[in-house]
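Q: Listed here are the chains, written in short residue letters.
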Amino acid sequence: MSLQPVKFYQTGTFTVGNRLLAPEDRSVQANMQRTNSLNSGHRACQGCGEALGARYAIDAAMNASNRQLIAANATGCLEVFSTPYPETSWQIPWIHSLFGNTAAVATGIAAAIKIKKQKGQGKDVRVVAQGGDGGTTDIGFGCLSGMFERNDDVLYICYDNGGYMNTGVQRSSATPPAARTATTMPLGPEPGNVFGQGKFVPAIAMAHEIPYVATATVADLRDLEYKVTKAMGMRGARYIHILVPCPLGWGTASQDTIRMARLAKETGVFPVFEAEYGEIKSALPIRRPLPVEDYLRPQKRYAHLFGKNPAVATIARIQALADKNIRKYGLLAKEGN
Amino acid sequence: MLKQCEGSHAVAEAVALCRPEVICAYPISPQTHIVEGLGEMVKAEDLKDCEFINVESEFAAMSVAIGSSAAGARTYTATASQGLLYMAEAVYNASGLGLPIVMTVANRAIGAPINIWNDHSDSLSQRDCGWIQLFAETNQEALDLHIQAFKLAEELSLPVMVCMDGFILTHAYERVDVPTQEQVDAYLPPYEPRQVLDVNEPVSIGAMVGPEAFMEVRYLAHAKQMQALELIPQLATEFEKVFGRDSGGLIHTYRAEDAETMVIAMGSVLGTIKDVVDEMRDAGHKIGVLGITTFRPFPLLAVAAALKHCKRFLVLEKSLAVGIGGIVATNVRMAVTGMGLKGYTVVAGLGGRAITMKSLTSLFEKAGRDELDLLTFLDLDWNAVNKQLDREKQTRRSGPAAEAMLRDLGTVASKIS
Amino acid sequence: MFQVRIHGRGGQGVVTAAEMLSIAAFEEGRHAQAFPSFGSERTGAPVVAFCRIADKEIRLREPIMNPDALIIQDPTLLHQVDVFAGLKKDGFILINTNKSFEELGLGDFVRDWHHDRLCTVAATDLSRKHVGRPMPNVPLLGGFAAVSGIIKLESVIMAINDKFSGKVAAGNIAGATEAYDIVRAEMEEARRKEAAHA
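Same order as they appear, the protein sequences are chains V, B and S. Heads up, the first sequence is in the working numbering, so the first residue is -5 and it goes up one at a time. Heads up, the second sequence is in the working numbering, so the first residue is 315 and it goes up one at a time. Heads up, the third sequence is in the working numbering, so the first residue is 47 and it goes up one at a time.
Chain V extracted, bound-state conformation (with noise of 0.2 Å):
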């Protein structure tokens, strides 16, 4: 009997996936036995990207780690929903210190656990940091240098929405170009970021040649977790940079996070890759690119390049930022794949 390999997409649920595979394969989060480590009763908004990705990454941290794991957070909306005082919905050993510091902080817990290890008095714990763009490629940009530089062995994962939210929408660097924001709106003639490429901390991070550096979306959840597992069976620095839409910042209906990143990733606009050593290891494929307008359109953020007199010249640079992503990080899936 000829065997024929068959292969399941995912369309938007885990339910048909999971119960097609041996029970080793299925998800972290479809195991009755997960964690939890961002427990219910936070005060996230409706449909918000970070809270998707975190539960699915620390949750899957936890799993890979034996639930030997302590978390540092930076200011952000994922620390300032998750601990509404006097309440906390972490079910793990967690600390927020500041906005620009995480990476550091975990750097001195990685090191206090080294030591209580050769000491005898503690056992290997793992230590994850976590932060929004703004504490990761603005504020927090030093630290995580010097983090990556060291090879501290932390897990850094940065949960990209494109702008300052938890704060009323401001720009970032890592905000995409031509998208509006609070802060972006005096500068030039339109609304919207003056065109720039956004500062993709993913390519710097591979710079640095660390062990592992890795970017996904919330529309892969299942590849977020694999690449979390991967991740925390390596040691020094790690990087996972997480597109994590934010309906309220992006002006996109709550139900259509998990849609948006998916255009995000099937438009190039988000590369979705992993790196070893600098160099890029494999990438998710693209199927059938779209036009970036599939991905810009239902955004109020960039309503401002539609309309009566489109802005037909930013969105043709757009596209051809997302082509050149196709072209740098070989995004598109290869024949018969």
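Hints listed in this document are in silico derivations from the structure and should not be mistaken for laboratory results. Among the hints, erroneous ones may be present.
[Unchecked claim] Here are the simulated DSSO-like pairs of lysine-lysine, each with C-alpha atoms no more than 30 Å apart in a straight line:
no., chain 1, residue 1, chain 2, residue 2
1, B, LYS362, V, LYS117
2, V, LYS224, V, LYS117
3, B, LYS317, S, LYS145
Keeping the supplied structure of chain V fixed, place chains B and S upon it in accordance with the hints.
A: Frame of chain V, contents of chains B and S only:
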């Protein structure tokens, strides 16, 4: 064991004896020799079970210390001047979170204009951040205070800053008595955290606190420093029992019993002051000294008691509260409210300006005759200052003030002091 | 209390000299304090270091304004920096040079001085000879032990062994010892001359 060595080296030895588990630091003059010394000890395995981390900024240094201390490790760092300011956000965070970090501040002036020499403006800029602040008079005391600092920090769950004059103490070779490991172990037990990131008992540390509870949380920080007022003398007494030396404590007095004039100061300048006081006593002046060792918490009662019988006090400080006058002096005045004392503030030694016996003698004699202004800037070159003020009156584009003054001073290299 | 001021240029080991002097005094059971006058470090720039020696704890922290002795590691400083500022009358002066006080233009300055307190020694040459580097500080300490009598040569040797090891230490000891002998001979010569003139 008696040793003749640099102050930084003495401090490094003291810190090493305290069995730190994580040391993280960023270089800045004049603290570099301390951290280099500790790094060498770790490398040579004289200091075991210690993770030494080179960080990329002072902000990172204090942040790494926060993470490490929260995870239960005895943690140490050192900085000065600009570095202390750069980590200021994290300094407040550390005390707010109640983490028993010990940090050396090698006192140095703060720019602009950039200046690498000694004064107290750096530590004093952080006087209200919630850290305990201790000021060493000699290298021996600097060594001793670090040992006491770890014990103090861990008992209260509050960070402690040990301040020592940059260059004047850090880079001076002096005789010190370095304790044995047994002595330090007898005095300082292993770190038992009050709060710790522990997978077996997960806690969330650092959540937001709203108007409902913020005042109470901040009051507790103050209450802890009030506890320190009791604990610091106790620890100094214990220290004397184990090490045989009177070191630390809230204040020290010298020849104060029948003093009519009391000179108050912090740090190494106390040594010069004592030499002047000895000479003046020989000449019949009734003058004494009050050295403040613990600046935060400020020992209001102890200071008031020390000044109870004098007629006047003179605060000689290496700090300036721009826009009002003295920093230490303002704190002292709070202690002596209602006591009817005459008080003089003297700002001296800013940016490493030498404080000489000659100038102090003349100053104290004037104070004794009550001929001093309420605020004096010791040995100020009024000529240079007035020239600059004139210059600024004459032209709008008067140029950078500091550079203009330096031009007036001429070549500095040929000067002795 | 005995106060020594050492003048030189960055790179000539002025600060180390002061430290070693303090170690030598410590080895003799005395209190000593050594510290530099801190300028921006630059090779070739004028540097001053101070050392106080006493039999009880030294509390004073001011720069040495009235030294009992001067060690001048670089004679090119003589007419550039006021190295003699505050020097006590009849203080000790040791200069690193192969010229005489007269030839250096200091004849008038030291006319009424006890000439066995004014010595010169070609320390840079000695250092080149024994250690292979033009570092005058250590031989000068040997010479200083001789001219001032404030520390013993043995103590200087202990200080050398504290700072250096192996061949460098051995070379430095030889350099310091030769300087000591040279200066002693100078002092005897000066005393004989004075006795002859008296």
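Q: Decide, hint by hint, whether the structure agrees.
A: Status of the hints after comparison with the structure:
no.	hint	in the structure
1	B/LYS362 <-> V/LYS117	19 Å, holds
2	V/LYS224 <-> V/LYS117	21 Å, holds
3	B/LYS317 <-> S/LYS145	39 Å, violated
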